[in-house]
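Number of protein chains: 2
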Amino acid sequence: MRNYAEDAKVFKALCDENRLRILEILRGGEKCACVLLSDLQISQSTLSYHMKILCDSGIVVSRPEGKWMHYAISKEGSLRAAQLLVELTALYGDGDSCSCCNA
Amino acid sequence: MRNYAEDAKVFKALCDENRLRILEILRGGEKCACVLLSDLQISQSTLSYHMKILCDSGIVVSRPEGKWMHYAISKEGSLRAAQLLVELTALYGDGDSCSCCNA
DNA sequence: CACTCACATCGATTTTTGTCAATATGTTTT
DNA sequence: AAAACATATTGACAAAAATCGATGTGAGTG
Chain A
37 MRNYAEDAKV
47 FKALCDENRL
57 RILEILRGGE
67 KCACVLLSDL
77 QISQSTLSYH
87 MKILCDSGIV
97 VSRPEGKWMH
107 YAISKEGSLR
117 AAQLLVELTA
127 LYGDGDSCSC
137 CNA
Chain B
37 MRNYAEDAKV
47 FKALCDENRL
57 RILEILRGGE
67 KCACVLLSDL
77 QISQSTLSYH
87 MKILCDSGIV
97 VSRPEGKWMH
107 YAISKEGSLR
117 AAQLLVELTA
127 LYGDGDSCSC
137 CNA
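Line by line, the protein sequences give chains A and B.
The first sequence begins at 37 in this note's numbering and counts up one residue at a time.
The second sequence begins at 37 in this note's numbering and counts up one residue at a time.
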């Protein structure tokens, strides 16, 4: 039995344009919030909001260092997300048609 | 240069509980709308709305047959989605830290 | 210890998404 | 051609998500 709400959370992280932009930046390696903020046209509170969603999904991990926050793509989290996607769309059995209507 | 809106569309298809339930049903093979409708506690118009989103994402394909509509998971679409996820989270270069703050 | 700086949280607002009933469209059957 | 049926679309509304300014929190600095 699946927890659809939990599964959906992972993909919610990926369905906002700004969060995809953030990931694009993080693909180059770990970045601190100030870099992200200067690259995106959003306010500081909005960035914080998005980073929370990305971290909660497991795709991004954070590392506090003094008063700065560093963010990076999590290889494990990304892999889990990709595996989840594959699972959710994998056919099982022989996948024959239903015969409810066109019988 | 990426089209984030287009990329996001794929994942939007996966971030609603009802759409994940629909996919779970379709994993067993092609189904017509009436089967989906009877399995889910949603109205006919709501089902139609969700199917449109799933089809637009490429993850599901539809096949009209007379007055009935058959839906199935698209292997190609699913694969593209999984590849997209991998791309969007793939690190490039050596992925070293930024040195903007903690210099 | 007061001050500053970076980030998180809160409250309010706007935008987007999901939902349904009603209606339109298109197909089959009589 | 009309009736019946399956699905799509529309319009209205409710719920959720994104955004920002203001404020709170906690770490470094003078």
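Any given hint might turn out to be false.
Since copy identity is lost for identical chains, a pair holds within one copy or between any two.
As the list claims (entries may be wrong) - No more than 30 Å apart at the CA atoms, straight line, and that leaves these computed lysine-lysine pairs for DSSO-like:
no.	residue 1	residue 2
1	K103	K48
2	K111	K88
3	K103	K45
4	K48	K88
Don't read these hints as lab results, they were simulated from the structure.
Because the structure is a prediction, the values reported are computed rather than measured.
### Query
Using 30 Å as the alpha-carbon threshold, which applies to K103 and K48: within, between, both, or neither?
Intra 28 Å, inter 34 Å, cutoff 30 Å: intra-copy only.
### Message
I want to check one pair: K48 and K88. Are their C-alpha atoms no more than 30 Å apart within a copy, between two copies, both, or neither?
### Response
Both: 12 Å inside a copy, 18 Å across copies.
### Query
Are the CA atoms of K103 and K45 at most 30 Å apart within a copy, between copies, both, or neither?
Classified as within; 28 Å inside a copy, 36 Å across copies.
### Query
Between K111 and K88, at a C-alpha cutoff of 30 Å, which is it: within one copy, between copies, both, or neither?
Within one copy only: 17 Å inside, 32 Å across.
Hint violations for this structure: none, all hints satisfied.
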